[in-house]
Amino acid sequence: MKQSFWLMMSRSSLMKAINPKVKVILASGYIMSRQIAAVMAQGCRAFMSKPYRLEDLAEKIREIIDKA
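Note that my numbering numbers the sequence shown so that position 25 is 51, with each residue one more than the last.
Since the hints were made in silico from the structure, they are not lab data.
It is possible that some hints are incorrect.
[Unchecked claim] Below are the SDA-like pairs computed for lysine to any residue, each with C-alpha atoms no more than 25 Å apart in a straight line: (1) K49 to M34; (2) K76 to A53; (3) K47 to A64; (4) K42 to S54; (5) K76 to S39; (6) K93 to Q68; (7) K42 to Q61; (8) K86 to A43; (9) K47 to M35; (10) K47 to I62; (11) K47 to I91; (12) K42 to F73; (13) K49 to L80; (14) K86 to F73; (15) K93 to S30; (16) K49 to E85; (17) K42 to L52; (18) K86 to M74; (19) K76 to K86; (20) K86 to G55; (21) K86 to L40; (22) K93 to S54; (23) K49 to S39; (24) K86 to M41; (25) K47 to A94; (26) K93 to S38; (27) K86 to C70; (28) K93 to S39; (29) K93 to R71; (30) K47 to S75; (31) K93 to C70; (32) K76 to G55; (33) K86 to V48; (34) K47 to A63; (35) K42 to A84.
Construct the complete structure from the given sequences, taking the supplied hints into account.
As structure tokens, then:
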């Protein structure tokens, strides 16, 4: 599902407001470097560019969990 950058930002902020410990991984095929930096500065833990393999997603999730 294609979403606007600002919608992703607001959802990420909402999740963080509800639970500050939530770990967010942004996945997009339509985002620019400065937008990635903005989301990461907001507390997103990782970025994955679409398309990606399920194995890559599982690896990224494991990496994020292990850092906690």
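Going through the hints against the structure:
1. Restraint check: the Cα-Cα separation between K49 and M34 comes to about 14 Å, which is no more than 25 Å; the hinted pair holds.
2. As the CA atoms of K76 and A53 are separated by approximately 6 Å, the hinted pair is consistent with the 25 Å bound.
3. This hinted pair checks out: K47 and A64 have alpha carbons roughly 19 Å apart, not beyond 25 Å.
4. Simply put, K42 and S54 have alpha-carbon atoms about 19 Å apart, close enough for the 25 Å limit, and the pair holds.
5. For the suggested pair K76 and S39, the alpha carbons sit about 22 Å apart, so the restraint of at most 25 Å is met.
6. The hinted pair formed by K93 and Q68 meets the criterion: a straight-line CA distance of about 18 Å does not exceed 25 Å.
7. Proposed proximity of K42 and Q61 is supported: the alpha carbons are some 18 Å apart, at most 25 Å.
8. For the suggested pair K86 and A43, the alpha carbons sit about 23 Å apart, so the restraint of at most 25 Å is met.
9. Taking the CA atoms of K47 and M35, the gap is about 17 Å. The hint holds against a cut of 25 Å.
10. Between K47 and I62 the CA atoms are separated by roughly 20 Å; this keeps the pair inside 25 Å, and the hint holds.
11. For a cut-off of 25 Å, the pair hint linking K47 to I91 stands: about 11 Å separates their Cα positions.
12. Among the hinted pairs, K42 with F73 is consistent with the structure: their alpha-carbon atoms are about 16 Å apart, no more than 25 Å.
13. Taking the CA atoms of K49 and L80, the gap is about 18 Å. The hint holds against a cut of 25 Å.
14. A distance of roughly 9 Å separates the Cα atoms of K86 and F73; the hinted pair therefore holds under the 25 Å criterion.
15. Between the alpha carbons of K93 and S30 the distance comes to roughly 29 Å, so the proposed pair goes past 25 Å and is violated.
16. Between K49 and E85 the CA atoms are separated by roughly 14 Å; this keeps the pair inside 25 Å, and the hint holds.
17. Taking the CA atoms of K42 and L52, the gap is about 14 Å. The hint holds against a cut of 25 Å.
18. Distance restraint check for K86 and M74: the Cα-Cα separation of roughly 9 Å lies within the 25 Å cut-off, and the hinted pair is therefore satisfied.
19. Of the supplied pair hints, the one linking K76 and K86 holds, its CA atoms being roughly 13 Å apart against a limit of 25 Å.
20. About 17 Å separates the Cα atoms of K86 and G55, which keeps this hinted pair within 25 Å; it holds.
21. As the CA atoms of K86 and L40 are separated by approximately 22 Å, the hinted pair is consistent with the 25 Å bound.
22. Of the supplied pair hints, the one linking K93 and S54 holds, its CA atoms being roughly 23 Å apart against a limit of 25 Å.
23. A C-alpha spacing of about 12 Å is found between K49 and S39, which places the hinted pair at or below 25 Å, so the restraint holds.
24. Between K86 and M41 the CA atoms are separated by roughly 19 Å; this keeps the pair inside 25 Å, and the hint holds.
25. Our distance criterion of 25 Å between C-alpha atoms is met by K47 and A94, whose separation comes to about 10 Å.
26. For a cut-off of 25 Å, the pair hint linking K93 to S38 stands: about 20 Å separates their Cα positions.
27. A threshold of 25 Å between alpha carbons decides the hint, and for K86 with C70 the separation of about 13 Å falls inside it, so the pair holds.
28. Taking the CA atoms of K93 and S39, the gap is near 21 Å; set against the 25 Å cutoff, the hint holds.
29. Between K93 and R71 the alpha-carbon distance is near 10 Å, which keeps this suggested pair within the 25 Å criterion.
30. The straight-line distance between the Cα atoms of K47 and S75 is roughly 23 Å, inside the 25 Å bound, and the hint therefore holds.
31. A hinted pair counts as satisfied when its Cα atoms are at most 25 Å apart, and K93 with C70 qualifies at roughly 13 Å.
32. Our distance criterion of 25 Å between C-alpha atoms is met by K76 and G55, whose separation comes to about 5 Å.
33. With a CA separation close to 15 Å, the supplied pair K86 and V48 stays within the 25 Å bound.
34. Of the supplied pair hints, the one linking K47 and A63 holds, its CA atoms being roughly 20 Å apart against a limit of 25 Å.
35. Taking the CA atoms of K42 and A84, the gap is near 22 Å; set against the 25 Å cutoff, the hint holds.
Violated hints amount to a single one, hint 15; each of the other numbered hints is respected by the structure.
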